[in-house]
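Colleague: The primary structure of each chain is shown beneath.
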Amino acid sequence: MPERHAPLEIDQDLVFQRREWRVQRVGWWALCLFVVAALAGVFGEGPISRTRAEGTGLSAEYDRFIRTGRPTRLTASWSPAGGEASLRLDRAYFDRVRLEQVTPAPLQVEIGASDVRLRFAAGGARPFTVVVEIEPLGAARLATELRTESGHVTRIVQLAYF
Amino acid sequence: MDAVLRAAAIYVFLLLVFRITGKRSLAQITAFDFVLLLIVGESTQQALLGDDFSVINACVVIATLMFLELGLAYLKGHWPRLDPILDSTPLIVVEDGRALQDRMAHERVDVSDVLAAARERHGLVRLDQIRFAVLERSGGISIVPKEKA
Numbered sequence: 001m002p003e004r005h006a007p008l009e010i011d012q013d014l015v016f017q018r019r020e021w022r023v024q025r026v027g028w029w030a031l032c033l034f035v036v037a038a039l040a041g042v043f044g045e046g047p048i049s050r051t052r053a054e055g056t057g058l059s060a061e062y063d064r065f066i067r068t069g070r071p072t073r074l075t076a077s078w079s080p081a082g083g084e085a086s087l088r089l090d091r092a093y094f095d096r097v098r099l100e101q102v103t104p105a106p107l108q109v110e111i112g113a114s115d116v117r118l119r120f121a122a123g124g125a126r127p128f129t130v131v132v133e134i135e136p137l138g139a140a141r142l143a144t145e146l147r148t149e150s151g152h153v154t155r156i157v158q159l160a161y162f
Numbered sequence: 001m002d003a004v005l006r007a008a009a010i011y012v013f014l015l016l017v018f019r020i021t022g023k024r025s026l027a028q029i030t031a032f033d034f035v036l037l038l039i040v041g042e043s044t045q046q047a048l049l050g051d052d053f054s055v056i057n058a059c060v061v062i063a064t065l066m067f068l069e070l071g072l073a074y075l076k077g078h079w080p081r082l083d084p085i086l087d088s089t090p091l092i093v094v095e096d097g098r099a100l101q102d103r104m105a106h107e108r109v110d111v112s113d114v115l116a117a118a119r120e121r122h123g124l125v126r127l128d129q130i131r132f133a134v135l136e137r138s139g140g141i142s143i144v145p146k147e148k149a
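Chains A and B supply the protein sequences, listed in that same order. Read in this note's numbering, the first sequence has 76 at position 76, and its numbers run on one by one without any break. Read in this note's numbering, the second sequence has 117 at position 117, and its numbers run on one by one without any break.
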């Protein structure tokens, strides 16, 4: 209970104050953990965030944790059989991100009802690597299967922060 | 909707951070504290507005912040127990010229802070001239000289 400390008319409450100090100490550790988690990449761009998914004949490197308004790179590597390669992403994933840049530039982008297909000329070195730069449009759990022209598949899951 | 959620998230986060860091975090004790507050303002600006620099977005953000502020004031009026939780309580740190070291240490206030406040507002030069020094909820230190109490 607040105590009136004569002659001062202030509501000093030492019991509450001590409780506040205890909560603040816990809060300092929480703040410290928050910063350490940020350094580790829990909020994107760090060692915990960057990961690799190995599928059948297709590997992908991407960030688990991404942020709205901040572009992130998804790198897919595989060995196409012929001179042409294609990479498919789920349409549901594509609708929740902004495709910023694709390297190498695709020959064609086909937007289908269930997936988006990026077609490339794949002459030259193997494995063939595609870098897709995307930016999430809002907070969401984003998941897609990456599929190639020869049926290689891998799955990625990302958490986009607001 | 996006702007409202952004403003609400930043409001709640700032409220939590400043409650955690204590009364003195907003007191602008040194020039660097003032610069730090400016940087905090600058960092939140981008998150509040996102990539929408329209006038209506700014209006929505301001209206949301003001609504939250009014809402909390209303809640504090109705539930007085919420008042200390959100704004803390004043704390006596000097009584009859005696510094209450335990309280001062918890609040990261030292005798020189109290003496600075005493000099600035009352022209006092020694601790024993102070009847009460109170660390207010705002983080400022108010001084009651001995002869006035």
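No lab work stands behind these hints, which were simulated from the structure alone. Cβ coordinates follow ideal geometry from the N, Cα and C atoms, glycine included. Wrong hints could be hidden among the right ones.
A short, non-exhaustive set of chain A residues, derived as facing chain B with CB atoms under 10 angstroms [as the list claims (entries may be wrong)]:
hint : residue
1    : L8
2    : I10
3    : V23
4    : L118
5    : A121
6    : F162
Colleague: All hints are to be evaluated individually against the structure, with a verdict given for each.
Modeller: Consistency of the hints with the structure:
1. L8: At about 6 angstroms, which falls below the 10 angstroms cut-off, the nearest Cβ of chain B leaves the hint on L8 (chain A) intact, so it holds.
2. I10: At about 5 angstroms, which falls below the 10 angstroms cut-off, the nearest Cβ of chain B leaves the hint on I10 (chain A) intact, so it holds.
3. V23: Nearest chain B Cβ about 8 angstroms off; hint holds.
4. L118: violated, 25 angstroms
5. A121: violated, 34 angstroms
6. F162: This interface hint holds because 7 angstroms falls under the 10 angstroms limit.
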